[in-house]
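Chemist: Here is what each chain is made of, one letter per residue.
There are 2 protein chains.
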Amino acid sequence: MPLKPALLLAALTLPLPAMAQMSPAQVAKLRDAALKDEIAWDITEGLTTEIGPRLAGTDDEARARTWAVAKLKALGFSNVRVEPYQMPVWVRGEEKASIIAPFPQQLQLAALGNSGATSAEGLEAEVVYFPTLADLEAAPAARVAGKIAFVSHAMHAAQDGSSYGPFGQVRRAGPAIASRKGAAAILIRSIGTDYHRNAHTGVTTFPEGVAPIPAAALSLPDAEQLERVLERGKPVRVKLLLTPRQIGTRESGNVIAEVPGRDPKAGVVLIGGHLDSWDQGTGAIDDASGVAITAAAAKRIMAAGRPRRTIRVVWFGAEEVGGFGGTAYAKAHAGERHALAAESDFGADRVWKFDTALPASAAAIADRLQTALAPLGITRGNAVAGDGTDIAPTLALGVAAVDLTQDGTRYFDYHHTPDDTLDKIDRAQLQQNVAAWTAMLAVVADAPEEIGAVPRPAAGH
Amino acid sequence: MPLKPALLLAALTLPLPAMAQMSPAQVAKLRDAALKDEIAWDITEGLTTEIGPRLAGTDDEARARTWAVAKLKALGFSNVRVEPYQMPVWVRGEEKASIIAPFPQQLQLAALGNSGATSAEGLEAEVVYFPTLADLEAAPAARVAGKIAFVSHAMHAAQDGSSYGPFGQVRRAGPAIASRKGAAAILIRSIGTDYHRNAHTGVTTFPEGVAPIPAAALSLPDAEQLERVLERGKPVRVKLLLTPRQIGTRESGNVIAEVPGRDPKAGVVLIGGHLDSWDQGTGAIDDASGVAITAAAAKRIMAAGRPRRTIRVVWFGAEEVGGFGGTAYAKAHAGERHALAAESDFGADRVWKFDTALPASAAAIADRLQTALAPLGITRGNAVAGDGTDIAPTLALGVAAVDLTQDGTRYFDYHHTPDDTLDKIDRAQLQQNVAAWTAMLAVVADAPEEIGAVPRPAAGH
Ligand SMILES: [Zn+2]
Ligand SMILES: [Zn+2]
Numbered sequence: 001m002p003l004k005p006a007l008l009l010a011a012l013t014l015p016l017p018a019m020a021q022m023s024p025a026q027v028a029k030l031r032d033a034a035l036k037d038e039i040a041w042d043i044t045e046g047l048t049t050e051i052g053p054r055l056a057g058t059d060d061e062a063r064a065r066t067w068a069v070a071k072l073k074a075l076g077f078s079n080v081r082v083e084p085y086q087m088p089v090w091v092r093g094e095e096k097a098s099i100i101a102p103f104p105q106q107l108q109l110a111a112l113g114n115s116g117a118t119s120a121e122g123l124e125a126e127v128v129y130f131p132t133l134a135d136l137e138a139a140p141a142a143r144v145a146g147k148i149a150f151v152s153h154a155m156h157a158a159q160d161g162s163s164y165g166p167f168g169q170v171r172r173a174g175p176a177i178a179s180r181k182g183a184a185a186i187l188i189r190s191i192g193t194d195y196h197r198n199a200h201t202g203v204t205t206f207p208e209g210v211a212p213i214p215a216a217a218l219s220l221p222d223a224e225q226l227e228r229v230l231e232r233g234k235p236v237r238v239k240l241l242l243t244p245r246q247i248g249t250r251e252s253g254n255v256i257a258e259v260p261g262r263d264p265k266a267g268v269v270l271i272g273g274h275l276d277s278w279d280q281g282t283g284a285i286d287d288a289s290g291v292a293i294t295a296a297a298a299k300r301i302m303a304a305g306r307p308r309r310t311i312r313v314v315w316f317g318a319e320e321v322g323g324f325g326g327t328a329y330a331k332a333h334a335g336e337r338h339a340l341a342a343e344s345d346f347g348a349d350r351v352w353k354f355d356t357a358l359p360a361s362a363a364a365i366a367d368r369l370q371t372a373l374a375p376l377g378i379t380r381g382n383a384v385a386g387d388g389t390d391i392a393p394t395l396a397l398g399v400a401a402v403d404l405t406q407d408g409t410r411y412f413d414y415h416h417t418p419d420d421t422l423d424k425i426d427r428a429q430l431q432q433n434v435a436a437w438t439a440m441l442a443v444v445a446d447a448p449e450e451i452g453a454v455p456r457p458a459a460g461h
Numbered sequence: 001m002p003l004k005p006a007l008l009l010a011a012l013t014l015p016l017p018a019m020a021q022m023s024p025a026q027v028a029k030l031r032d033a034a035l036k037d038e039i040a041w042d043i044t045e046g047l048t049t050e051i052g053p054r055l056a057g058t059d060d061e062a063r064a065r066t067w068a069v070a071k072l073k074a075l076g077f078s079n080v081r082v083e084p085y086q087m088p089v090w091v092r093g094e095e096k097a098s099i100i101a102p103f104p105q106q107l108q109l110a111a112l113g114n115s116g117a118t119s120a121e122g123l124e125a126e127v128v129y130f131p132t133l134a135d136l137e138a139a140p141a142a143r144v145a146g147k148i149a150f151v152s153h154a155m156h157a158a159q160d161g162s163s164y165g166p167f168g169q170v171r172r173a174g175p176a177i178a179s180r181k182g183a184a185a186i187l188i189r190s191i192g193t194d195y196h197r198n199a200h201t202g203v204t205t206f207p208e209g210v211a212p213i214p215a216a217a218l219s220l221p222d223a224e225q226l227e228r229v230l231e232r233g234k235p236v237r238v239k240l241l242l243t244p245r246q247i248g249t250r251e252s253g254n255v256i257a258e259v260p261g262r263d264p265k266a267g268v269v270l271i272g273g274h275l276d277s278w279d280q281g282t283g284a285i286d287d288a289s290g291v292a293i294t295a296a297a298a299k300r301i302m303a304a305g306r307p308r309r310t311i312r313v314v315w316f317g318a319e320e321v322g323g324f325g326g327t328a329y330a331k332a333h334a335g336e337r338h339a340l341a342a343e344s345d346f347g348a349d350r351v352w353k354f355d356t357a358l359p360a361s362a363a364a365i366a367d368r369l370q371t372a373l374a375p376l377g378i379t380r381g382n383a384v385a386g387d388g389t390d391i392a393p394t395l396a397l398g399v400a401a402v403d404l405t406q407d408g409t410r411y412f413d414y415h416h417t418p419d420d421t422l423d424k425i426d427r428a429q430l431q432q433n434v435a436a437w438t439a440m441l442a443v444v445a446d447a448p449e450e451i452g453a454v455p456r457p458a459a460g461h
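As you go down the protein sequences, you meet chains A and B in turn. In terms of full-length UniProt numbering, the first sequence opens at residue 1 and continues consecutively. In terms of full-length UniProt numbering, the second sequence opens at residue 1 and continues consecutively.
Calculated from the structure, these hints are not laboratory results. Just so you know, not all the hints are guaranteed correct.
Same chains, same names: a pair is fine if it fits in one copy or spans any two.
[Stated by the list, open to error] Below are the DSSO-like pairs computed for lysine-lysine, each with C-alpha atoms no more than 27 Å apart in a straight line: (1) K239 to K96; (2) K234 to K73; (3) K147 to K36; (4) K73 to K265; (5) K239 to K36; (6) K181 to K96; (7) K234 to K353.
Model the full structure from these sequences, guided by the hints.
Modeler: This is the structure we're talking about:
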């Protein structure tokens with residue numbers, strides 16, 4: 001029966017006739033059907049298997065764009081396209097470290113994005129220990145110069161991921177501070193919460209004029225081992241080999257797909273996640289699941305009929321290394337009216353809370369969201385929505401927002417490590433995400449209220 | 001007060017006067033005091049920090065012997081010595097693998113002990129998939145020749161570790177079977193139960209006349225990724241670089257320490273674990289904790305007075321790569337009377353069961369053990385005791401045995417991986433182990449019964 005799948009696909013992809021606003025019962029029906037969703041799993045499994053790691057600006061990310069365009073077209077979206085931009089590209093090299101004295105042994109580590117390189121022979125230096133970033137900041141340059149600065153700390157898991165902001169500063173700012181004091185290199189305790197010997201990478205920044213020194217994260221077992229070795233009170237020497245490279249300007253791009261709305265003046269609902277990933281895992285929770293959840297929900301709305309507002313799904317490029325895709329998108333689409341934006345970039349564990357940022361004239365939408373999301377165990381929060389690196393530049397222009405906040409308790413066990421792989425995705429929780437996004441889109445895209453501007457300061461985290 | 005610690009040490013290490021058999025109340029008191037033991041933690045922390053990995057036959061294992069002799073002397077044991085022997089030594093080299101086609105991406109793997117090497121440029125070949133070892137065995141050589149055989153399976157966690165025997169055959173025998181069929185190399189799914197990208201190594205054997213081909217284990221996420229890629233039905237090519245080496249015959253050794261007994265004719269109680277470890281972790285659960293638990297218990301008995309039987313603590317060398325230490329010990333001490341042997345080599349989670357192998361004339365010892373161990377939550381099993389690679393050659397001579405069986409539910413999450421590090425030791429469970437061993441030794445070493453031979457077939461697992 002070779003015709004059947006083709007016929008089924010045609011039926012699914014053919015836009016149904018325009019409808020009036022969905023009733024709460026229709027929203028509930030769409031939401032509950034999404035609890036059996038297979039589209040998000042199919043995208044997550046396909047992207048992580050057929051592409052795997054996809055570091056921003058590399059050929060791997062380019063292959064991911066090609067894959068994404070084919071997948072989004074096959075799902076029946078309209079206006080599927082790539083919007084390219086240029087960006088500087090950093091690639092990982094060799095990375096090895098070992099304690100030379102007093103207790104010789106290897107250490108497991110990962111270079112931070114934008115890390116400088118050692119020579120091909122590596123460097124050897126004494127380690128100087130700082131329990132916190134503040135201790136490094138307070139240290140006189142003479143204590144640090146020529147040494148390997150080692151900055152530890154104690155990030156703990158939090159359901160809302162709130163520990164990432166403050167603890168992440170060690171990674172974001174620590175290397176530049178150490179460089180300014182003349183450090184030969186810097187090692188940090190991974191910004192992570194698991195005790196596996198897979199270090200957590202992530203981007204760091206050396207401002208103009210600050211020399212990029214070798215900068216790497218130790219896994220938690222390695223960081224604690226180095227602390228124990230230091231506690232013995234003898235001078236500790238470490239040999240470090242890191243050979244990452246800046247390979248110049250390359251092309252990256254955002255992949256865009258749409259569900260056309262019936263009222264072009266009502267503004268676009270912008271949703272998505274990021275297509276790029278770090279290079280050591282396959283980017284399953286960060287962020288194959290995010291692009292999958294948002295596209296699956298949009299597809300389910302499309303299959304139910306033409307919504308009032310156009311839903312634009314963007315699979316952003318180059319988020320991890322500096323949000324280049326989100327910046328390029330905001331610049332390219334600054335002249336367009338966006339009604340609302342929402343982003344999924346915190347894994348695929350269950351959504352437990354939602355927040356909104358809506359103009360007063362559209363406040364009733366939040367009440368309807370509460371009704372639609374409560375059966376999924378999602379409570380209404382009291383924060384101002386606006387999460388997400390990729391939508392931040394668009395939100396900064398005054399666009400309304402919804403956050404569907406996932407349970408992040410185990411997110412930082414895997415985030416930015418080789419362990420971010422498909423097996424970390426819980427299929428039932430992934431489906432709950434799709435149901436939440438489907439319900440949210442059903443309410444928001446069809447809302448009869450105008451959704452005007454929400455003044456806000458520049459956001460992002 | 002510089003004299004105080006020295007005086008205290010002298011008091012602790014001076015053998016107390018000979019005593020009669022301990023009463024059940026005295027045994028209980030010793031057992032309960034051991035629940036606050038710090039000796040086992042001190043040994044585990046020290047060995048894993050100050051030595052780290054200690055692959056059999058290497059300089060690292062030699063440093064561990066020096067460390068062990070110093071530690072056991074400092075604890076006040078008698079006759080502390082190294083008994084050396086010679087053994088063939090294999091060392092790890094570089095190890096890299098990637099899928100070349102159809103979906104280029106890296107794979108994480110670890111060479112198996114005794115693996116052959118690829119050339120310095122690596123080898124590239126098509127992958128041929130076998131769900132089980134039986135499928136590989138059944139395959140005609142023409143399907144395998146020149147290819148990379150990939151053998152998967154599905155080991156699951158079991159409290160008693162019983163899945164390791166049957167599933168471990170893939171690692172032990174699979175490489176030789178693949179070599180006989182002309183395979184270019186073999187990849188196996190790790191013999192492990194965790195989903196982290198740290199592959200599980202372990203020894204394999206190529207019998208005389210069978211060429212050692214490159215043989216490595218993939219982590220579970222990588223093995224399942226490779227299965228998904230194969231499921232797409234296109235030819236899968238993998239590039240493999242493995243450069244381990246056989247470096248010839250080197251010296252290894254057993255470290256031995258004693259608590260002298262008051263009745264030399266009553267036979268020796270032999271206890272211990274193994275000092276060597278695999279090279280990627282620090283060998284905390286395998287088996288720093290085993291040498292620590294047994295030595296701590298013996299030290300606590302020593303501090304309570306001279307037992308009837310000599311307790312001999314052996315920290316065996318070279319267990320992981322073929323039980324060379326256990327074999328050398330049995331050969332060197334075949335002429336001595338051993339009353340009983342017991343080994344700790346299954347991590348440091350709580351002891352939940354004990355078994356015995358005793359002659360009928362000493363059966364009452366098992367009843368007294370039941371009384372002494374029950375308050376620790378340890379039940380009496382109905383198996384014949386005799387676990388342990390290192391004591392197996394001694395047990396085979398007809399020596400009685402006690403097994404104190406640890407909870408192995410999470411053991412194969414870490415076993416033979418870089419993740420076998422100090423943080424995996426639960427201090428309260430480690431103390432429960434010391435209490436169990438202390439109670440066992442108090443009962444066994446002082447038992448008034450003669451403990452004669454127990455006929456048994458050659459044991460070991
Ligand atoms: Zn992300
Ligand atoms: Zn072991």
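Chemist: Hint by hint, say whether it matches the structure.
Modeler: Now for the hints, and whether the structure bears them out:
| no. | hint | verdict |
| --- | --- | --- |
| 1 | K239 to K96 | both (8 Å within a copy, 22 Å between copies) |
| 2 | K234 to K73 | between (62 Å within a copy, 23 Å between copies) |
| 3 | K147 to K36 | neither (56 Å within a copy, 41 Å between copies) |
| 4 | K73 to K265 | within (25 Å within a copy, 85 Å between copies) |
| 5 | K239 to K36 | neither (52 Å within a copy, 39 Å between copies) |
| 6 | K181 to K96 | within (24 Å within a copy, 37 Å between copies) |
| 7 | K234 to K353 | neither (50 Å within a copy, 43 Å between copies) |
Hints 3, 5 and 7 from the list above are not met by this structure, while the remaining hints are.
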